[in-house]
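What follows is each chain in one-letter form.
There are 2 protein chains.
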Amino acid sequence: MTEFPSENQETFNGWSRKIYLELPVPSEEDHISDQERILRELGKEYGEVRFSLKALRKLHPLCRDTQWKVTVFLVWNGREWELTDVEPGNTTNRHFGFCADLGSTTIAAELVDMNTGKVLCQKTGFNHQIQFGEDILTRIFYGKDSREKTEEIRKAVVESFLELFEKIREETGIRPEECGALVIAGNTTMIHFLLGLDAFCVFSSPYAVRTLKPDCYRAEELGFPLQGYVYCCPGQENYLGGDILSGILATGIHRGEKIAVFLDIGTNGELVIGNKEFLVSGAGAAGPALEGGVVKTGMRAEKGAVDRVLIEEGEVKVHVIGETVPKGICGSGIVDLLAQMFLNGWMDMRGKLVKEASVHIREKQGEPAAEYAPGLYFYQSDIDEFLKTKAAAGTMVEYMMHEMGLTMSDIEEFYVAGAFGTHISKEAGVTVGLYPDIPRDRIILPGNTSLQGAERILLHREEKETLEELLEKMTYIQFGAVDNFLHLMAAAQAVPHTDYSRYPSVVEELKRRGRL
Amino acid sequence: MTEFPSENQETFNGWSRKIYLELPVPSEEDHISDQERILRELGKEYGEVRFSLKALRKLHPLCRDTQWKVTVFLVWNGREWELTDVEPGNTTNRHFGFCADLGSTTIAAELVDMNTGKVLCQKTGFNHQIQFGEDILTRIFYGKDSREKTEEIRKAVVESFLELFEKIREETGIRPEECGALVIAGNTTMIHFLLGLDAFCVFSSPYAVRTLKPDCYRAEELGFPLQGYVYCCPGQENYLGGDILSGILATGIHRGEKIAVFLDIGTNGELVIGNKEFLVSGAGAAGPALEGGVVKTGMRAEKGAVDRVLIEEGEVKVHVIGETVPKGICGSGIVDLLAQMFLNGWMDMRGKLVKEASVHIREKQGEPAAEYAPGLYFYQSDIDEFLKTKAAAGTMVEYMMHEMGLTMSDIEEFYVAGAFGTHISKEAGVTVGLYPDIPRDRIILPGNTSLQGAERILLHREEKETLEELLEKMTYIQFGAVDNFLHLMAAAQAVPHTDYSRYPSVVEELKRRGRL
Chain A
1 MTEFPSENQE TFNGWSRKIY LELPVPSEED HISDQERILR ELGKEYGEVR FSLKALRKLH
61 PLCRDTQWKV TVFLVWNGRE WELTDVEPGN TTNRHFGFCA DLGSTTIAAE LVDMNTGKVL
121 CQKTGFNHQI QFGEDILTRI FYGKDSREKT EEIRKAVVES FLELFEKIRE ETGIRPEECG
181 ALVIAGNTTM IHFLLGLDAF CVFSSPYAVR TLKPDCYRAE ELGFPLQGYV YCCPGQENYL
241 GGDILSGILA TGIHRGEKIA VFLDIGTNGE LVIGNKEFLV SGAGAAGPAL EGGVVKTGMR
301 AEKGAVDRVL IEEGEVKVHV IGETVPKGIC GSGIVDLLAQ MFLNGWMDMR GKLVKEASVH
361 IREKQGEPAA EYAPGLYFYQ SDIDEFLKTK AAAGTMVEYM MHEMGLTMSD IEEFYVAGAF
421 GTHISKEAGV TVGLYPDIPR DRIILPGNTS LQGAERILLH REEKETLEEL LEKMTYIQFG
481 AVDNFLHLMA AAQAVPHTDY SRYPSVVEEL KRRGRL
Chain B
1 MTEFPSENQE TFNGWSRKIY LELPVPSEED HISDQERILR ELGKEYGEVR FSLKALRKLH
61 PLCRDTQWKV TVFLVWNGRE WELTDVEPGN TTNRHFGFCA DLGSTTIAAE LVDMNTGKVL
121 CQKTGFNHQI QFGEDILTRI FYGKDSREKT EEIRKAVVES FLELFEKIRE ETGIRPEECG
181 ALVIAGNTTM IHFLLGLDAF CVFSSPYAVR TLKPDCYRAE ELGFPLQGYV YCCPGQENYL
241 GGDILSGILA TGIHRGEKIA VFLDIGTNGE LVIGNKEFLV SGAGAAGPAL EGGVVKTGMR
301 AEKGAVDRVL IEEGEVKVHV IGETVPKGIC GSGIVDLLAQ MFLNGWMDMR GKLVKEASVH
361 IREKQGEPAA EYAPGLYFYQ SDIDEFLKTK AAAGTMVEYM MHEMGLTMSD IEEFYVAGAF
421 GTHISKEAGV TVGLYPDIPR DRIILPGNTS LQGAERILLH REEKETLEEL LEKMTYIQFG
481 AVDNFLHLMA AAQAVPHTDY SRYPSVVEEL KRRGRL
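Which chain is which? The protein sequence lines are A and B, in order. Take the first sequence: its position 288, counting from 1, is numbered 288 in our numbering, and each next residue is one higher. Take the second sequence: its position 216, counting from 1, is numbered 216 in our numbering, and each next residue is one higher.
Keep in mind the hints are simulated off the structure, nothing from the lab. Certain hints may be false.
Note: identical chains are not told apart, hence a pair may lie in one copy or across any two.
[Said to hold, decoys possible] Here are the computed lysine-lysine pairs in the DSSO-like style, where the Cα-Cα straight-line distance is at most 30 Å: (1) LYS58 - LYS123; (2) LYS58 - LYS149; (3) LYS54 - LYS155; (4) LYS464 - LYS44; (5) LYS54 - LYS364; (6) LYS317 - LYS213; (7) LYS144 - LYS54; (8) LYS213 - LYS69; (9) LYS54 - LYS213; (10) LYS69 - LYS149.
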């Protein structure tokens, strides 16, 4: 969660406004219509406000019964203010909005106090789309060319949101009906699903998707019980969606002088490099290895997962989430494990397990494997998978920096977005070559930047324009189309890299340990 | 129906556009999103077009299946263009819109070809609201302070429209779903009912109504099966509604040099006087006498109604609609009858029946009555009612002219709007003092100007702004608030007027007949 100054309402130029009006009671001399009376009071500040039918229908007897002391709810519909509701008396202190990160596995939603900018509640829940496939491709094939199935998927997403809204209501007593706007950041596929669109286009040549910049839609039209409008962050390309753009906003690299790298690694790797002068973006398949769910004993970062690994005096010491018996290993555990095995010589620079190095390395199911906890093994094939992923990510960064005539030492900020980034040890990340070998304080793990960006947009309406300007400005590189990309990637599959000179701190550590 | 030049599409700046696009097929080099592809092709001409969810969902597989030859439907939502639909191939020749006059008794709707401006079909039907009361006040009291009953009334209006749409479909094969916009002109009460608003405010002090300038609403939201938006002509006051404003547009008096009077007499009388330099408006209760439905044997102008009357050689000669046995008398028949009775001395200048003048004048149900057809009587009380109505109308004109320092001879155009005006004989109208005694070619009977104005707006979107400017410019006089109004009205109840000098042509005719 980004911390915003918690001053008064004026600080925020959010997607909704609540304004308390004490209107002059109609008289023979002043008998303009109720609608006009309210608009006259609002003045010119809000431009030509749209007056919703719902609000119009509520005016009577509400205005009379409250002696014309009412609160109006204005929601920005992307182009103009719409007066969506009228409430009795002064209700300006109850003024809320939602933002969300719509991920393929989990959805994170925040209820925001639009007066103070404070996040009142944050909840995450599974994306019910999972019933149509654990991985995105399966879901896409499920919905392909079928209006009905696309609709099933859409409904599953909406239901996931409704569950989150309900959880939030239970905790705060605030109903979604009291919220004016919902800002959602998600990748291109997720947004297609949310809008009820066939997402096959996202993964098939020529990658011309249905929309990258959806209009603002009425919440009602999308099936949400909110007052007003839903805005989805625009994306740049099929593989570079609104979650990344939102992330850029959250980190603010587009505003800074410093040359920054923004990296989000999941099934796909997305990358943005630049500062306020330039921005280059790219995306490529990375592989799901980092998400913990793919390797044989991998699991999500939940109770029973090994999340920290240290090899000392020939023994593997692990930390288990929930301080319980280990059941598997999550992303941060994997990076730790590989870094530790490499530094202790259990794994060589090609990423191959060295059977002679430890009793814990042995043949298992026809391949070498490392027993990182009693009965739990990390296999050679898992390592290979991981290295491909980290190589893809590393190569994207390398290639892009090179294209711009930059070297790793030019990187002043290296953001690793997502939950994965938050938990991984910086040192281990550098050791295995996932991150470049730069001063550790330049490696920044900002957490869920997609959600943070959505929150920022919700509270700062002008960021919609910022995003649109970013999209105009940003150059996109399609890595698949790059000639020597595979060659570069092969070199990057070594630990930490074929070119050791790029990793001086790792070399030093190896020397300290007498391994070089 | 107004005749517009039937040139090509460019002539019209209507509320909707259909544009045929032959889009470049997406390729690796040009793989912008489908939405962006369409918007790019539309260019800047339409500004920042809203892209509806419905259209977005239709893009696939439609674009692919048609090799990217599609027609887009743009509808003006009052502030910007909204792309509401995408159709396969070139369907620009099927481009339609609706306009309607929403009256308390009847609704008249027109299906318009938005390419040529031609009216393809016009239908009228009863307003089903009648089930809640023949007269407006009864309906208003029915709906007062009840959401449910207001909703019943609203549904009755919508159903009346649906019936008209269905009649039009039967005749033309064109479904309302093919129409982009519906422009409706109606009085303030009718518009309140249409929007589902309690209309008690229209008739109760301080006459501050809910809205005089409704926003554009999605047709769907109002229960109409159209693509796009519904626009209701704005009104100026509780008693001076959008039907009058629309009428002004239709006659064009706001554009002309000539000093014009626009008069609409029904249950209420509405009046606008002016030209392009100034406009003054007013309204007052007139009485339903002119509508034919109130006098004892009165009826609507339908089969069996006496619509023309001539008294020759002591006998009443009548024309009956449908050339059948007379069943009653309609508005134009009433005016003819009174004029003829006056000119033949059967009725004196006070409007009293003169029993001695004819065998057809006799005591009936305790009051004098004229037998205008075998067994059908027009009663003294009916005459009194009529004279009050015509006095109210005449006095409004007189008062307003006087206020502006104008005399009757300054009137260059005298418009009598509505079906009533169309059928009434100018000569008879002058004789009874309903119209001023001005050269007959200055008396113009334009028909349903409310409908004509709605048609004009539908085809000329900029007239929305014209209307809004008119509203700013026009001064409204509340006749009820005028001190000597009742005094003036009493003088105007004579036939043609207490002051004979105002009716020189009537005086001449009376002299010719030896009655003066």
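Treating 30 Å as the Cα threshold, decide for LYS213 and LYS69: within, between, both or neither. Classified as between: cross-chain Cα gap 22 Å, same-chain 39 Å, threshold 30 Å.
Intra- versus inter-subunit Cα pairing at 30 Å for LYS54 with LYS213: Both ways: LYS54 and LYS213 sit 28 Å apart in one copy and 15 Å across, limit 30 Å.
First find the shortest C-alpha distance between LYS69 and LYS149 inside one copy, then the shortest across copies, and answer within, between, both or neither for a cut-off of 30 Å. Only across copies: LYS69 and LYS149 sit 27 Å apart there, 48 Å inside one copy, limit 30 Å.
For the identical chains here, do LYS54 and LYS155 meet the 30 Å Cα criterion within one copy, between copies, both, or neither? Both. Shortest intra-copy (25 Å) and inter-copy (16 Å) distances satisfy the 30 Å Cα cut-off.
Pop the pair LYS317 and LYS213 into one bin, within, between, both or neither, using alpha-carbon distances up to 30 Å. neither (48 Å within a copy, 74 Å between copies)
Classify it for me, LYS54 with LYS364: is the Cα-Cα distance of at most 30 Å met within a copy, between copies, both or neither? neither (66 Å within a copy, 55 Å between copies)
Within, between, both or neither: how does the pair LYS464, LYS44 come out at a Cα-Cα threshold of 30 Å? Both, since 22 Å and 20 Å are each at most 30 Å.
When no copy is specified for LYS144 and LYS54, does a C-alpha distance of 30 Å or less occur within a copy, between copies, both, or neither? Answer is between: at 18 Å across copies they meet the 30 Å cutoff, but 37 Å inside does not.
Intra- versus inter-subunit Cα pairing at 30 Å for LYS58 with LYS123: Close neither inside one copy (33 Å) nor across copies (34 Å); limit 30 Å.
Go through the copies and call it for LYS58 and LYS149: within, between, both or neither, with a Cα cutoff of 30 Å. between (38 Å within a copy, 15 Å between copies)
In this structure, the earlier hints numbered 1, 5 and 6 are contradicted, and the remaining ones agree with it.
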